[in-house]
Amino acid sequence: MTVEQSTLPRRVAQQRNSDPASEKNNASSLKVIKERTGVEDIHIINEAISACRTEDGAYKLEDVINTLQADDTVRKLRTSKFVKDVVDAVPKFTNESKPPAKTTSTSTSTTDATTTSSSTHATNTAPSGVIDLTSEPPDSEDIQKAIAASLHETPGILGGQVTKEEQDISRVLEASLAESKAGTKRKRGDLWFVDPLNPHERKRSEKWPVGLKNVGNTCWFSAVIQSLFHLRQFRHLVLNFQFHQPTEDGVDGSPVDNRNLLFMKELRSLFGLLVGSSKKYVDPSKAVEILKEAFSSPTGASDSQQDVSEFQHKLLEWLEDAFKVYKNKPSTSSSEERKSDCDKEIKSPVVDLFYGQFKAEGINEGKGFLNVETFGQFPLQVSGFRDIHESLEAATSPGEIEAVSSDVTQKSGQELWFTRLPPVLTFELSRFQFNQQLGRPEKIHNKIEFPQVIYMDRYMERNQSITRQRREDGKKLKEQLKLLKAKLDKFLRYGSGNKRVPLQDVLQYALEFAQSKGSGETTTATLSTSLNQDVDMESPRTTVSSDDKASPRLPTCDLPDVAMSSYTRSPIRPPRSLDTVTSPSPRHVGENELTVLEDCLHRWRTEVEMDVRELQENIASLEEKVSGMYSDETMMKFPYHLHAVLVHEGQAASGHYWAYIYDLIHEKWLKFNDITVTESSWEELEKEGVGGYHNASAYCLMYVDRSRLQCNDVASAQHLETMDCLPSDLSKMVTEDNRAFAKEIELWNEDQARKTAEAEAKAAAEKKMVKSQSTAYTQTSQLSGRPSLHVVHAQISSQETLKAVNNNIDLQISPDKILLQSVNQELKRLSSLGSEHVQELLPQDDLRLKHMLIYMVFNRADIKLQQWTGLEQFSYLKHLEQSEKGRAIRSAANEFVLRYQKECGLELERRLEEWHNKYHLFREVVYLFVKGLEAFSKERFAEALPYIDQAWHYNSDCSVNGKYEHFGVNRKMMAYFRRTCLHSLNTSATEQFESEEDISEALTLMNSLILPTLPALFTSGYTEDVSAAEEMREKWCAFLGEQLSDSKIDKLQDFLSKLFEPPTEVKRQCSQHIRNSDLSDLYTRYKLIMDELHKSGELKKAISC
305 MTVEQSTLPR
315 RVAQQRNSDP
325 ASEKNNASSL
335 KVIKERTGVE
345 DIHIINEAIS
355 ACRTEDGAYK
365 LEDVINTLQA
375 DDTVRKLRTS
385 KFVKDVVDAV
395 PKFTNESKPP
405 AKTTSTSTST
415 TDATTTSSST
425 HATNTAPSGV
435 IDLTSEPPDS
445 EDIQKAIAAS
455 LHETPGILGG
465 QVTKEEQDIS
475 RVLEASLAES
485 KAGTKRKRGD
495 LWFVDPLNPH
505 ERKRSEKWPV
515 GLKNVGNTCW
525 FSAVIQSLFH
535 LRQFRHLVLN
545 FQFHQPTEDG
555 VDGSPVDNRN
565 LLFMKELRSL
575 FGLLVGSSKK
585 YVDPSKAVEI
595 LKEAFSSPTG
605 ASDSQQDVSE
615 FQHKLLEWLE
625 DAFKVYKNKP
635 STSSSEERKS
645 DCDKEIKSPV
655 VDLFYGQFKA
665 EGINEGKGFL
675 NVETFGQFPL
685 QVSGFRDIHE
695 SLEAATSPGE
705 IEAVSSDVTQ
715 KSGQELWFTR
725 LPPVLTFELS
735 RFQFNQQLGR
745 PEKIHNKIEF
755 PQVIYMDRYM
765 ERNQSITRQR
775 REDGKKLKEQ
785 LKLLKAKLDK
795 FLRYGSGNKR
805 VPLQDVLQYA
815 LEFAQSKGSG
825 ETTTATLSTS
835 LNQDVDMESP
845 RTTVSSDDKA
855 SPRLPTCDLP
865 DVAMSSYTRS
875 PIRPPRSLDT
885 VTSPSPRHVG
895 ENELTVLEDC
905 LHRWRTEVEM
915 DVRELQENIA
925 SLEEKVSGMY
935 SDETMMKFPY
945 HLHAVLVHEG
955 QAASGHYWAY
965 IYDLIHEKWL
975 KFNDITVTES
985 SWEELEKEGV
995 GGYHNASAYC
1005 LMYVDRSRLQ
1015 CNDVASAQHL
1025 ETMDCLPSDL
1035 SKMVTEDNRA
1045 FAKEIELWNE
1055 DQARKTAEAE
1065 AKAAAEKKMV
1075 KSQSTAYTQT
1085 SQLSGRPSLH
1095 VVHAQISSQE
1105 TLKAVNNNID
1115 LQISPDKILL
1125 QSVNQELKRL
1135 SSLGSEHVQE
1145 LLPQDDLRLK
1155 HMLIYMVFNR
1165 ADIKLQQWTG
1175 LEQFSYLKHL
1185 EQSEKGRAIR
1195 SAANEFVLRY
1205 QKECGLELER
1215 RLEEWHNKYH
1225 LFREVVYLFV
1235 KGLEAFSKER
1245 FAEALPYIDQ
1255 AWHYNSDCSV
1265 NGKYEHFGVN
1275 RKMMAYFRRT
1285 CLHSLNTSAT
1295 EQFESEEDIS
1305 EALTLMNSLI
1315 LPTLPALFTS
1325 GYTEDVSAAE
1335 EMREKWCAFL
1345 GEQLSDSKID
1355 KLQDFLSKLF
1365 EPPTEVKRQC
1375 SQHIRNSDLS
1385 DLYTRYKLIM
1395 DELHKSGELK
1405 KAISC
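Residues in the sequence shown are numbered consecutively from 305, following the working numbering.
Take the hints with a grain of salt, since some may be wrong.
[As the list claims (entries may be wrong)] Calculated pairs, SDA-like style, for lysine to any residue (alpha carbon to alpha carbon, straight line, at most 20 Å): (1) K1391 - L1137; (2) K1405 - E1328; (3) K1391 - Q1148; (4) K1189 - S1102; (5) K780 - V930; (6) K929 - L781; (7) K364 - V336; (8) K1121 - G1190; (9) K1066 - E1054; (10) K789 - I923; (11) K794 - R357; (12) K1267 - R1164; (13) K569 - R539; (14) K1355 - E1298; (15) K780 - E697; (16) K1276 - L1145; (17) K975 - P755; (18) K569 - L1034; (19) K1154 - N1221; (20) K1276 - S1331; (21) K628 - H540; (22) K1121 - E1188; (23) K1242 - T1284.
It should be emphasised that the hints constitute simulated quantities derived from the structure, not laboratory data.
Here the structure is a predicted model, which means the values were calculated and not measured.
I would like the entire structure built from these sequences, with the hints used as guidance.
Following this line, the structure appears as structure tokens:
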């Protein structure tokens, strides 16, 4: 079979021997062309580039893209591909695989529809070297058989049953992929998520939806189950499933039937817990294990990420069989009666809810055919389409391919019409393609928009004649629109070179040039002499003649570099003014000439503006007609509202799933991400769902016909959210589970109360011991063991305190007055520094490190606490012991401290202790940060990162996660240096992973530094951190498209799964023990490293990023 010859190759057949794309276009241009057009064939791209080249050899990227998108061959390839996908993806129910009640087929020819679709669209449906997983592959025999077998096993997400033999065959592709190590692996014993010890952290907020625990690569399970659970009619079916005994002539208790029943039992229990559990999330392990056994492959890779389409297909297939086997829905009609009417044949409640029918009619090799098919999930292509309506049009509208068989040329094609739509309409967005050269699947990240409400009327059989007529009208309108846009483009992009401008601007520039006047005018004689000179011009040269060197030079400007030769040069007039730059102006223009020219240019510009405005108005009018072609009441009778969007982030081999689900009761979107359920918005859903945002895009769209869904009104929905909707057995099970959880909380509270009481008793005993030793308060610094923080903080500023005493010690006043005057002077000085100078010097200089009182003043501590701290500074000053007057001053300080202690009470004393703890933590933060920056300045990023990361976490404690920024170090600055370290280490690791055979160093960087630190970037609150983390992920995901050794693929799989683990509570790395001696000279070290970073420019980047 051959495809009709496109006009594109014919236009440029004479240029086939050249390879313009490879010779003159860089890789980024090719990548843009492929992404925008969906065309992967380099030969077709080369031909399009050749066709768009101008005389000077240049081409415009947009012209190439428009040429490819408008070409008939490319469009036919896409259309035929989608038609085939639809036919191949829907279930083919036969007597062996599915009861005949599922499908009614009537054919007007002897040709089978399956043969029709496969033979009609088998040629050139995928790019070179790439096989779309939803279409027929090229002639590589092994891959072809494997993918065909897989497609036969899963023709649609809600398709029919498949035999055990067919299932085994379908795993050939999975085994092939597993052998190439392209999947994501995780050891069965690995823990994916550990429950918090505190049960209060697992307690459900009142009436908030319940999440599902990720028990090991099971985000796919959570996304699908939550989407189905929030279909209240489906929830009602599952919760009220009754386990009857099999009839005598019914079930023989086969393993498959027993498995389906066991799964239904676990699903009922899970749904019951999702309704009434007191927990924030529940554990689905039992149901998941049953599913994993069914998904197990010959390679044993049962723990790999599953595709949501395959899982949902299998899930509903099992539930359908469970309902049929045990006859949970009574039916009096016989199978013969069901066969007689397509609409009466579906009696299973699951099938009735999720299955629809369409009619495929067309011509296969000159013979007409008509088939009625049952479908579950309807596949839609992504590449090359702006929204799902365009994709639906391509999948259902007529598509033709001319086939050459023997000596006869025949045309084949078909169109699809929906005869019955289910209440739940699911679209599968085909975002996988198989790279045949690399032997692994790849993800398609193209954008495709989808509405919140979609009207399906235009695709219904009942509107067949109307739709056909409107498609013809639309085709004519689009042709007119294309012609008008081409005309408008000629006005807006006028010219023949690369730089094209609007024609009205060209006329305006010409008018301005004609009206401009230089500083002097050239005489007619001079102009005539100049024009009569014989000037020969040649291409620019690199050498300059001696005559040129002797000639006067014009000021440098952006003029063409044109060299003159072989003529006698006339003297060049020197510039009129060397101080000003004048605009170009005519050398001579007469008044009459200028008047005529002005009139013409004004008139032409007005005419052009009118033409452009008319074209724009006509284009807007046509676009409005095209967009509103199906907006009348007759074509808006089948509204489907978006219920759920299943989103995948990552690449084909690994990633993470979550779901957006519309809450009908509260009329808002919710995001279900494993254990986390959060309120979301349509804007967030669009950003992450349409594609093109990082590596996130929608895989599955679930629409519902609200008018046909039971339990979908607000009153019924509210009832199904309470325990009253549960059957007695489930209500008892959920109640017992809640009782056990309540008991766990009670035991936890008792244990915490006991620990609190013990801690309070211990603190009271310590306080009592301190009180008993208060008479010896002056000896605190001499106690054995580690000095108290009061002593340590007083020693930091001891020299400044001593200086304050020396300024007053010679005064002829009593020691207590000398003390009070010194304290007041010091408090005044420090208060000025803390309130006026700290902020303006940060972050290059931090005066808080010089004195605790500056820290307290800057953070507005109580004035009594400041005075108390000031007196402590003098009471701990050992230097005063060297003279009798000094000892008297220190003794007075001790007496004042004791007086403050008695007057202020225990509460103020506790608050003072808190300030000392805060200041000590602040100094530890600065110490760790300085240590990290010292290593950073020497580009020892592996050494710097642990210090900076630990400093970040300490700083979060100090500033209460940034709520009180002044208590700690600038978080934005810390985030910059941590992010920079991570980026440098990740770049180094990826380069080593790619270029070196021994990747042990790269793995060490990943496992010991990057992976433990990366999750914190998602919770820091800075968009720059999130973007950097996404960029690091993408660098590793890029290796999925490269040819790697088996050992590298093994390692890549391991940490790719960890890279995409859902972020939970960020675990801190092991903290370094910090001694008081480490904190000495901290101010000096901080100032030195900040000055160094200021000189290198890094500090400016950190505070301005």
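Status of each hint after checking the structure:
1. Taking the CA atoms of K1391 and L1137, the gap is near 17 Å; set against the 20 Å cutoff, the hint holds.
2. For the proposed pair K1405 and E1328, the alpha carbon gap of about 13 Å is at most 20 Å, so the pair holds.
3. Distance restraint check for K1391 and Q1148: the Cα-Cα separation of roughly 7 Å lies within the 20 Å cut-off, and the hinted pair is therefore satisfied.
4. Pair hint K1189 plus S1102 holds up; C-alpha atoms about 18 Å apart against a cutoff of 20 Å.
5. For the proposed pair K780 and V930, the alpha carbon gap of about 10 Å is at most 20 Å, so the pair holds.
6. This hinted pair checks out: K929 and L781 have alpha carbons roughly 8 Å apart, not beyond 20 Å.
7. Between K364 and V336, the direct Cα distance comes to roughly 12 Å. Compliance with the 20 Å bound is thereby established for this hinted pair.
8. Proposed proximity of K1121 and G1190 is supported: the alpha carbons are some 13 Å apart, at most 20 Å.
9. Restraint check for K1066 and E1054: the C-alpha separation of about 18 Å stays at or below 20 Å, so the hint holds.
10. Among the hinted pairs, K789 with I923 is consistent with the structure: their alpha-carbon atoms are about 7 Å apart, no more than 20 Å.
11. Taking the CA atoms of K794 and R357, the gap is about 17 Å. The hint holds against a cut of 20 Å.
12. Taken as a hint, the K1267 and R1164 pair is honoured in the structure, with Cα atoms around 15 Å apart against an allowance of 20 Å.
13. For the suggested pair K569 and R539, the alpha carbons sit about 13 Å apart, so the restraint of at most 20 Å is met.
14. Taken as a hint, the K1355 and E1298 pair is honoured in the structure, with Cα atoms around 12 Å apart against an allowance of 20 Å.
15. Our distance criterion of 20 Å between C-alpha atoms is met by K780 and E697, whose separation comes to about 16 Å.
16. Between K1276 and L1145 the alpha-carbon distance is near 16 Å, which keeps this suggested pair within the 20 Å criterion.
17. Taking the CA atoms of K975 and P755, the gap is near 18 Å; set against the 20 Å cutoff, the hint holds.
18. Proposed proximity of K569 and L1034 is supported: the alpha carbons are some 10 Å apart, at most 20 Å.
19. Simply put, K1154 and N1221 have alpha-carbon atoms about 16 Å apart, close enough for the 20 Å limit, and the pair holds.
20. Distance check on the hinted pair: K1276 and S1331 sit about 15 Å apart at the alpha-carbon level, within 20 Å; holds.
21. Proximity of K628 to H540 is assessed by CA-CA distance (about 17 Å); at most 20 Å being required, the pair is judged to hold.
22. Restraint check for K1121 and E1188: the C-alpha separation of about 16 Å stays at or below 20 Å, so the hint holds.
23. Between K1242 and T1284, the direct Cα distance comes to roughly 13 Å. Compliance with the 20 Å bound is thereby established for this hinted pair.
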